[in-house]
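Student: Just so you know, the protein sequences line up as chains A and B, in that order. 17 is the number of the first residue of the first sequence in our numbering; add one for each residue after it. -5 is the number of the first residue of the second sequence in our numbering; add one for each residue after it.
Be a bit skeptical, because a hint or two may be false.
Derived DMTMM-like pairs (lysine to aspartate or glutamate); straight-line CA-CA distance at most 25 Å [what the hints assert, rightly or not]:
| id | chain 1 | residue 1 | chain 2 | residue 2 |
| --- | --- | --- | --- | --- |
| 1 | A | 150 | B | 89 |
| 2 | A | 150 | B | 99 |
| 3 | A | 150 | B | 18 |
| 4 | A | 150 | B | 96 |
| 5 | A | 159 | B | 74 |
| 6 | A | 150 | B | 109 |
| 7 | A | 150 | B | 14 |
| 8 | A | 159 | B | 9 |
| 9 | A | 150 | B | 74 |
| 10 | A | 159 | B | 96 |
Output of the computed footprint for chain B on chain A, the stretches with three or more beta carbons under 8 Å from beta carbons of chain B [as the list claims (entries may be wrong)]:
| id | region |
| --- | --- |
| 11 | 82 to 90 |
| 12 | 127 to 138 |
| 13 | 156 to 167 |
Far from chain B, by Cβ distances over 12 Å, these chain A residues were calculated [what the hints assert, rightly or not]:
| id | residue |
| --- | --- |
| 14 | 33 |
| 15 | 51 |
| 16 | 66 |
| 17 | 78 |
| 18 | 120 |
| 19 | 141 |
| 20 | 142 |
| 21 | 272 |
| 22 | 273 |
| 23 | 334 |
It is worth saying that the hints were derived from the structure and are not from the lab. No residue lacks a Cβ here, since even glycine has one placed at the ideal position from N, Cα and C.
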Amino acid sequence: MYDCDDMWNTLCPMHLRLDSAGVIVHVGPTLAKLQAGIPFCGQSFHKVFTLLGSHADLPVVDLLARPQVKLSLRLLAGPKLALKGVLVPTPMGAVLNLSFGISIVTAVREYALTGTDFAATDLAMEMLYLVEAKSVAMGESRKLNARLQETTLAAQEEAFTDSLTGLKNRRAMDHIMDQFLASEKVFALMHLDLDRFKLVNDTFGHAAGDHVLQHAALIMLAQTRKEDAVLRVGGDEFILIFPGVTDLETLDAMADRLIRALEKPIESDGRMCKISGSVGITLATDYAVPAASQLLADADTALYAAKNAGGAQHRFFSKL
Amino acid sequence: MHGLINKAIQCFVLDTYGCEAWREIAQSAALPVMQFEAMLIYEDALTEQVLDGSARFLDKPRADVLEDIGTYLASHPNVEALRRLLRFGGAHFVEFLYSLDDLHDRARLAVDDLDLPRLTLVRHTENHYSLLCAAAFPGWGHVLVGILRVMADDYGALACLEHCGTNGQTETIDIMLVQTSYARGRAFVLGQQPVLDENNV
């Protein structure tokens, strides 16, 4: 002869039985583990659970008249776990079988449940296994993604950097110009070309030329602010971008300072290399709709005006 | 071969013998990469090269290296997540042994392109079992011997394990249970957060 409670406890360890007044009269062994101090047995259903969803606010006794009801409910005590259930009326009241649903991970942790707390046919263990296995697999994927991103960034950085001077290169220019234009911030653009660089190269050789370029790059970095961009866009051509600068006087002074600094003789292997610079300037504020190609072309035009006037000077495109 | 398996071999060498050992093995195996990525697929030949390289470097038969890898996988703190996944198999050692029949499909649930061997447990007597291991890649049986030995300890069972050779693509492991509750075993808390092997990045 089987014991009816034993059978119910084995098949549905999370079931409970209600009497016709809605008082809990029996609790399955796993559900019993969720009791925080006060036993569920003997308490009214509504002292332990709150109904959610379409049956919220209904007294549980109202449900006893229905053939069977799918319920969504929450424990009032402890971590207020959400539970799923099905209530089946019996001549004495009702049987309510519960399941953790999606809150299973929290439940297992909070109540220190083990494999034996679930019915042998329950997919709970498979679900928990899957949650862990997936998080391990996802962790590996995430690590791979992080490494790939790092490699991509490093490759991008390398592709955008001039290896001789460490400045950004022509490839980076379009990118930087687009960023400035997209942010709709004002900026000034300088196109700087070294004077007499070809002479240094031809007279003292490429090693001296390279040294001069590196030195010139350092001067430009030293004379500009951290937020300014300095790019080497050709053999001895540089582009300087000054965000936030709109007045001609500041640019006037900046261009002069750069040219004077470049004119200090540069020593390379005991020989003194003398160069200078010519600069063409244009301002984004001079354009109704500034376009990168237009700004660069205009700075270039201003640069050649400075060169044609003998070099070692600067010109504003707006004043040509 | 799945990157997870190659990465497991790499982690075994790194965690047991150190960076220098791995560098030498990777070089002697002429690997095109210094680090395996767990979630990429590699040529099968690479796995063979790494295993041969490891056996050469450690001056051990390949079967012993494979068994050591199994021991490592089930016991090293850096790969604790794996031991936890194995413990999901059952509440005691015999239940765990039977759960191995599902190992292939369980692995597929988590990582659908991971092809672990198909395992079948055969019961001879209450204390005597054979585990049949069918895989395209020979040597899995030795890895399993290492894993099973640790898991027996983990469950607190006393078992004698022996690799009984290969027939075609099937390897056989003989399992003699001396005592199922020999020692206390290691704790397994179901609701513990999985431990990721952050040290192996």
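Student: So which of the earlier hints does this model not fit?
Tutor: Per hint list: 3, 7, 10, 11, 18, 19, 20 violated.
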